[in-house]
Amino acid sequence: MSVDIATVRRIAHLARIAVEDSEIEKMRTEINAILSFVEQLSEVEVEGVEPMTSVTPMVMKKRADAVTDGGIPDIIVGNAPATEDHFFLVPKVVE
Amino acid sequence: MTELTSLTIADARDGLTTKRFSASELAEAHLAAMEKARVLNAYVLETPDVARAMACESDRRIAAGKAGPLEGIPVAIKDMFCTKDVRTTACSHILDTFVPAYESTVTAQLWRDGAVLLGKTNNDEFAMGSSNETSFFGPVTSPWRRQGANTPLVPGGSSGGSAAAVAAGICLGATGTDTGGSIRQPAAFAGIVGVKPTYGRCSRWGTIAFASSLDQAGPFARSVRDAAILLRSMAGHDAKDTTSIDQPVPDYEAAIGKSVKGMKIGIPKEYRVGGMAAEIETLWAQGADWLKKAGADIVEVSLPHTRYALPAYYIVAPAEASSNLARYDGVRYGLRENGRDITDMYERTRASGFGAEVRRRIMIGTYVLSAGYYDAYYLRAQKVRTLIKKDFEDCFDKGVNAILTPATPSAAFGIGEKGGADPVEMYLNDVFTVTVNMAGLPGISVPGGLSSEGLPLGLQLIGRPFDEETLFSLGEVIEQAAGRFTPQAWW
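Protein chains in written order, with my numbering: chain U, 1 to 95; chain W, 1001 to 1491.
If you are wondering where the hints come from, they were derived from the structure by calculation, not from laboratory data.
Think of the CB as a built atom: it goes at the ideal place given N, C-alpha and C, for glycine as much as any other residue.
Be aware that a few hints might be false.
Non-contacting residues of chain U with respect to chain W, defined by C-beta distances greater than 10 angstroms in every case (computed) [what the hints assert, rightly or not]:
id, residue
1, Asp4
2, Ile5
3, Ala15
4, Glu30
5, Glu39
6, Glu50
7, Thr56
8, Asp65
9, Val67
10, Gly70
11, Ala80
12, Ala82
13, Asp85
14, His86
Here chain W is said to cover these stretches of chain U; the calculated rule only asks that three of the stretch's residues, wherever they fall, bring their Cβ under 8 angstroms from a Cβ of chain W [what the hints assert, rightly or not]:
id, segment
15, 16 to 28
16, 31 to 37
17, 87 to 95
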């Protein structure tokens, strides 16, 4: 399988990455190089094989549904690029 | 290297215990050596004030008879580990001003045991790379050079800064993370020891995530014993990582010097890839011979799905990365580029914050997880992963204790030499290491010799799940036979 320019634009938008028109063709070539490399997986017989979902066979541990931390809003917003009164600021999303 | 910076961790521990020198003297010697070695670009942040304060505390504890197992040992930390109040960036522009309010579990355990932080080391951006060339802070130059040449070489990657720092004597040990070979490959290039523990052995909490089902932290050191000492502190159960294993951590150092007599060592025939360099073949045969002389039985084994590990990895790892890196949105932390609306803000932030390789992998991951392609790519890759794991299980079921392979297909290459036009060329570096991550197994890279150009070459041992001890015993045999390798200081 290989991707065309429209698909590269669509993937970039899904991934929320802006791409310049000048970069698209190079990106398409690189993505296609990777896709053609992984293409060899199609020759593996996988009929009846379970997909791997856990690296180490173990039962998923569950912790108590309890509040263990809190009251630290200054720390939570400490690395944010824009905040006001402990809220994260973003561009207007509702007209 | 001065006397204090060329010590092993085991020697430094003795020197500190017998008060031949203080933790502060040891830290100062390293800080001075780091300053001289800045041309290597191994550190992206030096933390001399933290180092001095920690060393001072260590001296106090030593005097009080309360020394921890790593008391006063100066170490370097890959910039993928969050360190409280110390800038942590994953070597990405998108995080280049990030100062964590918390400490990763692995580093917290090192400090608990008395280690001293010298600084944060360079790596490929978000640990995506095999040469340390994708770092936002620029490439690391290897302390090694080809004989009679001064071409700058890569230290390997992604943990290139940690590997270079250990080899250059500007720390006694370092941490790394290994998702497809990011500890073992740079260890091989730098002529040092690197360990990727079994998945679940070290907590991933507070380590910046790349591919969560593959990522594992591990140590770099100048001897097998030193790596064992470091891993004992780094490993252990952590309730904050649900994939961390609830098993006691063995005294890995006790495995050093244990007899390997009667152990069955597998040589996988599928690793004889076409076009393997003659000197890599020779090294591999030499490694098998050393183990045989120590009493191990060498047997040929088959891992039929080996060749599919790398292509499956380049679906699974980008898929997980695209999901993990979705959090960098310019809202809660990191870089923000303003846009005309929120989507435009996200898109500009991520375009400007991520470098080319990271963008490429996010795009691949997004594509293979997108509607209509999930089954053909991601699901198939996860099935292939089951088959890769089964190959190893079949082998271990037949009584094989460990598997011996070369660590890399070649010695270190020059900066800018690879992957310019075709990203796959760079990916092929991890052909021998990536199977181990796919199966979640432990692996160690130990220096085996020098190439015809005078560059280090490494051997890899792959073990049964949670049997790192066997790897340390076997690694020690190789180290005793091969010796240790130190680059000539030119910086």
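Structure-based check of all given hints:
With a cut of 10 angstroms on Cβ distances, U:Asp4 stays outside the contact zone with chain W, its closest approach being about 12 angstroms. Residue placement check: U:Ile5 keeps its beta carbon more than 10 angstroms from all beta carbons of chain W (closest about 13 angstroms). Look at U:Ala15: its CB is around 4 angstroms from the nearest CB on chain W, not clear of 10 angstroms, so calling it non-interface is violated. For U:Glu30, the requirement that its beta carbon stay farther than 10 angstroms from each beta carbon of chain W is not met, with the minimum near 6 angstroms.
Residue-level check failed: U:Glu39 sits 8 angstroms from the nearest beta carbon of chain W, not beyond 10 angstroms. The beta carbon of U:Glu50 sits about 6 angstroms from the closest Cβ of chain W, which is not more than 10 angstroms, so the claim that it is off the interface is violated. Non-interface call for U:Thr56 relative to chain W: violated, since the shortest CB-CB distance, roughly 5 angstroms, does not exceed 10 angstroms. The beta carbon of U:Asp65 sits about 14 angstroms from the closest Cβ of chain W, which is more than 10 angstroms, so the claim that it is off the interface holds.
The Cβ of U:Val67 lies farther than 10 angstroms from every Cβ of chain W, with a closest approach of about 15 angstroms, so its non-interface assignment holds. Every C-beta of chain W lies more than 10 angstroms from that of U:Gly70, the closest at about 14 angstroms, which supports listing it as non-interface. Its closest Cβ contact with chain W, about 6 angstroms, brings U:Ala80 to no more than 10 angstroms, contrary to its assignment away from the interface. Annotated as non-interface, U:Ala82 brings its C-beta within 10 angstroms of a C-beta of chain W; the closest such distance is 7 angstroms.
Its beta-carbon lying about 16 angstroms from the closest one in chain W, U:Asp85 satisfies the requirement of being farther than 10 angstroms from that chain. The Cβ of U:His86 lies farther than 10 angstroms from every Cβ of chain W, with a closest approach of about 12 angstroms, so its non-interface assignment holds. As drawn, the segment 16 to 28 of chain U meets chain W at 5 residues by the rule of a beta-carbon pair under 8 angstroms; at three or more, the given contact holds. Only residues whose beta carbon comes within less than 8 angstroms of a beta carbon in chain W count, and the segment 31 to 37 of chain U has 5; three or more means the coverage holds.
Here's how the segment 87 to 95 of chain U fares: 5 of its residues keep a CB closer than 8 angstroms to some CB of chain W, so the rule of at least three is met and the hint holds.
Violated hints for the displayed structure, listed by number in ascending order: 3, 4, 5, 6, 7, 11 and 12.
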